[in-house]
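Q: Keeping the supplied structure of chain A fixed, place chain B upon it in accordance with the hints.
If you read the sequences in order, they're chains A and B. Oh and the first sequence: position 183 is 183 in UniProt numbering, straight run, nothing missing. Oh and the second sequence: position 157 is 157 in UniProt numbering, straight run, nothing missing.
Hint data in this document are derived by calculation from the structure and do not stem from the laboratory. Take every hint as true, because none was put in to throw you off.
Which bits of chain A does chain B cover? Going by a derived footprint, with three or more residues having C-beta under 8 Å, they are:
id: 1; stretch: 142 to 152
id: 2; stretch: 168 to 182
Restraint ranges, calculated between C-beta atoms of paired labels, are given here:
id: 3; chain 1: B; residue 1: Phe285; chain 2: A; residue 2: Ala111; range: 47 to 57 Å
id: 4; chain 1: A; residue 1: Arg14; chain 2: B; residue 2: Ala160; range: 36 to 46 Å
id: 5; chain 1: B; residue 1: Ile58; chain 2: A; residue 2: Lys221; range: 14 to 24 Å
id: 6; chain 1: A; residue 1: Thr115; chain 2: B; residue 2: Pro231; range: 29 to 39 Å
id: 7; chain 1: B; residue 1: Pro180; chain 2: A; residue 2: Pro247; range: 49 to 59 Å
id: 8; chain 1: B; residue 1: Pro231; chain 2: A; residue 2: Ala109; range: 31 to 41 Å
id: 9; chain 1: B; residue 1: Pro121; chain 2: A; residue 2: Arg223; range: 39 to 49 Å
id: 10; chain 1: A; residue 1: Ser162; chain 2: B; residue 2: Ala21; range: 30 to 40 Å
id: 11; chain 1: B; residue 1: His158; chain 2: A; residue 2: Ala289; range: 55 to 65 Å
id: 12; chain 1: A; residue 1: Arg26; chain 2: B; residue 2: Ile58; range: 48 to 58 Å
id: 13; chain 1: B; residue 1: Gly120; chain 2: A; residue 2: Lys157; range: 38 to 48 Å
id: 14; chain 1: A; residue 1: Arg14; chain 2: B; residue 2: Pro231; range: 45 to 55 Å
id: 15; chain 1: B; residue 1: Asp191; chain 2: A; residue 2: Ala111; range: 56 to 66 Å
Note that the structure is predicted; figures quoted are calculated from it, not measured. Where is the CB? At the ideal position from N, CA and C, for every residue including glycine.
Now for the letters of each chain:
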Amino acid sequence: MLVADPRTAAAWRRFRQEFTDAGPERRREMLRERANQSRTTDLHMIGRAGLGHVGGDMSVLDILTTLFFSVLRVDPEKPEWADRDRFVLSKGHTAGALYTTLAAAGFFADAELETFAGPLSALNGHPNRVKVPGVETNTGPLGHGLPVSVGMAVAAKLSGSSRHVYVVLGDGELQEGSNWEAAMTAGHRRLDNLTAIVDRNRLQQGARTEETNTLDPLDDKFRAFGWDVLEVDGHDHLSLYDAFTAPRGDRPTCVIANTVKGRGVSFMEDRVEWHHKVPSTEQIVTATAELAR
Amino acid sequence: MSAPVREVFDSRVAFAEELSALAREDERIVAVCNDSVGSSNLVQFQKEFPDRLINVGIAEQDMVGVGAGLALSGYIPFVCGASPFLTGRALEQIKADVAYSQSPVVLCGMSPGMAYGELGPTHHSIEDLSWLRAIAGLDVVVPADPAETRSAVRWAAHAARPVFLRVGRFKVPAVTGDRPFTFGAATTLRDGSDVTVVAAGTMVSRALEAAEEAAEQGVSVRVLNMSTIAPLDEDAIRRAMTETRGIVTAEEATTTGGLGAAVAAVVVTERAPVPMRLLGIHREFAPTGTTAFLLEHFGLTAGDIRLAAIGLARTDA
Numbered sequence: 001m002l003v004a005d006p007r008t009a010a011a012w013r014r015f016r017q018e019f020t021d022a023g024p025e026r027r028r029e030m031l032r033e034r035a036n037q038s039r040t041t042d043l044h045m046i047g048r049a050g051l052g053h054v055g056g057d058m059s060v061l062d063i064l065t066t067l068f069f070s071v072l073r074v075d076p077e078k079p080e081w082a083d084r085d086r087f088v089l090s091k092g093h094t095a096g097a098l099y100t101t102l103a104a105a106g107f108f109a110d111a112e113l114e115t116f117a118g119p120l121s122a123l124n125g126h127p128n129r130v131k132v133p134g135v136e137t138n139t140g141p142l143g144h145g146l147p148v149s150v151g152m153a154v155a156a157k158l159s160g161s162s163r164h165v166y167v168v169l170g171d172g173e174l175q176e177g178s179n180w181e182a183a184m185t186a187g188h189r190r191l192d193n194l195t196a197i198v199d200r201n202r203l204q205q206g207a208r209t210e211e212t213n214t215l216d217p218l219d220d221k222f223r224a225f226g227w228d229v230l231e232v233d234g235h236d237h238l239s240l241y242d243a244f245t246a247p248r249g250d251r252p253t254c255v256i257a258n259t260v261k262g263r264g265v266s267f268m269e270d271r272v273e274w275h276h277k278v279p280s281t282e283q284i285v286t287a288t289a290e291l292a293r
Numbered sequence: 001m002s003a004p005v006r007e008v009f010d011s012r013v014a015f016a017e018e019l020s021a022l023a024r025e026d027e028r029i030v031a032v033c034n035d036s037v038g039s040s041n042l043v044q045f046q047k048e049f050p051d052r053l054i055n056v057g058i059a060e061q062d063m064v065g066v067g068a069g070l071a072l073s074g075y076i077p078f079v080c081g082a083s084p085f086l087t088g089r090a091l092e093q094i095k096a097d098v099a100y101s102q103s104p105v106v107l108c109g110m111s112p113g114m115a116y117g118e119l120g121p122t123h124h125s126i127e128d129l130s131w132l133r134a135i136a137g138l139d140v141v142v143p144a145d146p147a148e149t150r151s152a153v154r155w156a157a158h159a160a161r162p163v164f165l166r167v168g169r170f171k172v173p174a175v176t177g178d179r180p181f182t183f184g185a186a187t188t189l190r191d192g193s194d195v196t197v198v199a200a201g202t203m204v205s206r207a208l209e210a211a212e213e214a215a216e217q218g219v220s221v222r223v224l225n226m227s228t229i230a231p232l233d234e235d236a237i238r239r240a241m242t243e244t245r246g247i248v249t250a251e252e253a254t255t256t257g258g259l260g261a262a263v264a265a266v267v268v269t270e271r272a273p274v275p276m277r278l279l280g281i282h283r284e285f286a287p288t289g290t291t292a293f294l295l296e297h298f299g300l301t302a303g304d305i306r307l308a309a310i311g312l313a314r315t316d317a
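Next comes chain A alone, as it looks inside the complex (with noise of 0.2 Å):
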């Protein structure tokens, strides 16, 4: 088990703190700023591990980086606190947006990204939480986060704490039937401390959703299992905050956060053909140059 930083934890906490203090638009450039340097890394440490998905990496970065730095109930020096909210992401294949986050929040030493995917490096392609503190739980397979969301929203309830579940999903990822499953159970027993958060970027690995398997109507399907449904520009860090964090009502909240698959990097945006391709060198020079403006 990789162990916490103590000089990035206490960054990170004056990062929260900062931006407790903050005005909109000043929340809004420390969180856009945040999440541009976790691509970077992300780019960086992709071209050295020479794989990662790094499209789906930059689709959900907006959203970790908003959840990390603005919203979990989390203390990356004690990733065990029993009262913590939970964070899972059922999408594990963007496993490098989550080491960078967490990396960034102080969870694990910024030197530890070097080894991803590197053998016997415990940041494997798809996250472990035997080995990473912040990982709440195993992804890879699609389909698996959300039910193990649902167990652990009303592992909250029976226990009566307060502590919030999210768990990000991917768009491609609905069509795996198990999450209809835990959709089914969750607005069954009305977790109203449970958000599922859409990575809703509307391209999968070999196509775009809609020509693949449609979702939409994505919200009439959640609303029709009992859910109550937000839908935000998903690299708008202040709608996803205020989404993140509006009142519940007596039902689990689906937030649909629209996004660009491969955000952040012209060449990269949209295009279904960087799901998993590697940027050369030249192309992760002009990445971060566009992400640094």
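A: Chain B alone, transformed into the frame defined by chain A:
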């Protein structure tokens, strides 16, 4: 040669009683099921602990995932469903959410083997031992009778790691007496010097009967109750290899990857392997029939075990 009439028991009753008893002692104990409150014998549990019985409906993948989420939040979930559906439908959840994630879930495969007789192969769970034994970090436990089931339930609650418990429905006689379930250890229910029968679950009482009958024919049969299939008690197998001349395995499961295959893997890698007979079901779906009929059809009676044991004793003599 006719066996005396003995009282027989459905192990699910002992399972349910012990689970309720544990729940009274420890509020972390919860049950998760797939509309199987009745068939998993959870009616009393539900009456006593309505909030701690989470029935997700007919949704096995969800059921196992929910169990993992509860376990990762400090609860001790007993996830109960008919074994064919629990282990077949939710196999990837068992692998990823439970075993690989090291979530301490107790998976309870109810009515395994061919307990559902005439309902047919869709409802039989003869593959479970093969596919679960292939999963790293998952303990596979097959109690032989109600007393051992009770004892195994209590052990599993405190094991703090992923466990699969096969809970029998087909009625069997009491065979384990006052020997408690010991994780990872075979128990010698009868000693013998010619041949060893390694049996699990419903086959244990039949192996004991076979040994008794074989003794009348001058063949001394050792009977091991192998209630932990994974990890296997390899020392007990090695002792059987040096102290007896052959090994018969008997299980209400496929021979392609269950108990027989596990024992054979130990036997063939030793310097002096002994001859074996693997009794079970080999790459065949069952025809229509009651459980008792099917056990006979597949050569899983006391008589079949006796013939296999005597055959080994004489071949090698």
